[in-house]
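Undergrad: Start counting the sequence shown at 45; every next residue gets the next number (the numbering used here).
Source of the hints: derived by calculation from the structure; they are not laboratory data.
Just so you know, not all the hints are guaranteed correct.
[Said to hold, decoys possible] Across the chosen pairs, the derived CB separations fall in these ranges:
id, residue 1, residue 2, range
1, Glu110, Lys55, 33 to 39 Å
2, Arg143, Ser67, 33 to 39 Å
3, Ser52, Glu110, 29 to 35 Å
4, Ile64, Asp148, 23 to 29 Å
5, Asp51, Ser147, 46 to 52 Å
Note that the structure is a prediction, hence the values are computed from the model and not measured.
Just so you know, even glycine gets a beta-carbon here, dropped at the ideal spot from N, CA and C.
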Amino acid sequence: MEDTPSDSFRKLQEFLEQMIRESMEQGNFMAQPMGFTIVIRGGGPFPAGQFGPAPENGDSLEPLIEVHEGDGDEVLVLAELPGVSEDQVRFDLEEGALRIAASDGARSFMGRAELPPVDPDSLRASCRNGVLQVRFRRIPEPTG
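Assemble the whole structure, with the sequences as input and the hints as a guide.
TA: See the structure below:
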């Protein structure tokens with residue numbers, strides 16, 4: 045009798061659950077945040093930076109941050125800040141970078157995102173369900 049695709053996925057899921065269970069029993073399993081940051085700028089390469097595991101000494105976590113530049117004049121910065129509300133977020137713009145700091149009392153987050161030239165007075169921010177959205181109006185780069 046031949047396995048169906050759903051049978052194969054069910055077997056794979058059972059196998060993965062067994063591996064995780066055994067690893068946890070042996071003390072080899074540690075949950076750690078993993079991710080990457082991608083900055084998309086026109087058609088150039090994607091400078092990506094990884095961050096490591098959660099700090100064990102109470103230092104701040106580095107949030108996942110994405111910078112999106114559309115065809116229009118808007119720049120959108122997204123940051124994942126689980127458990128954080130809008131009033132717990134602080135940020136400032138200096139030297140072409142947006143610095144983000146947030147704390148929910150139990151966790152602290154600190155991150156930085158490189159930005160294209162933007163108008164600092166156009167900053168609009170909101171934080172909903174642990175996702176910070178910061179919008180800027182892009183300043184056109186001089187042609188010449």
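Undergrad: With respect to the beta-carbon atoms only, verify the hint that Ser52 and Glu110 lie 29 to 35 Å apart.
TA: With a Cβ separation near 34 Å, Ser52 and Glu110 satisfy 29 to 35 Å, so the hint holds.
Undergrad: Kindly confirm whether 33 to 39 Å is satisfied by the beta carbon distance between Arg143 and Ser67.
TA: 37 Å, holds
Undergrad: If you check the beta carbons of Ile64 and Asp148, does the distance land in 23 to 29 Å?
TA: 28 Å, holds
Undergrad: So the hint says 33 to 39 Å: do the beta-carbon atoms of Glu110 and Lys55 match that?
TA: 35 Å, holds
Undergrad: CB of Asp51 to CB of Ser147, is that within 46 to 52 Å?
TA: The hint (46 to 52 Å, Cβ to Cβ) holds, given that Asp51 and Ser147 are roughly 47 Å apart.
No hint from the list above goes unmet by this structure.
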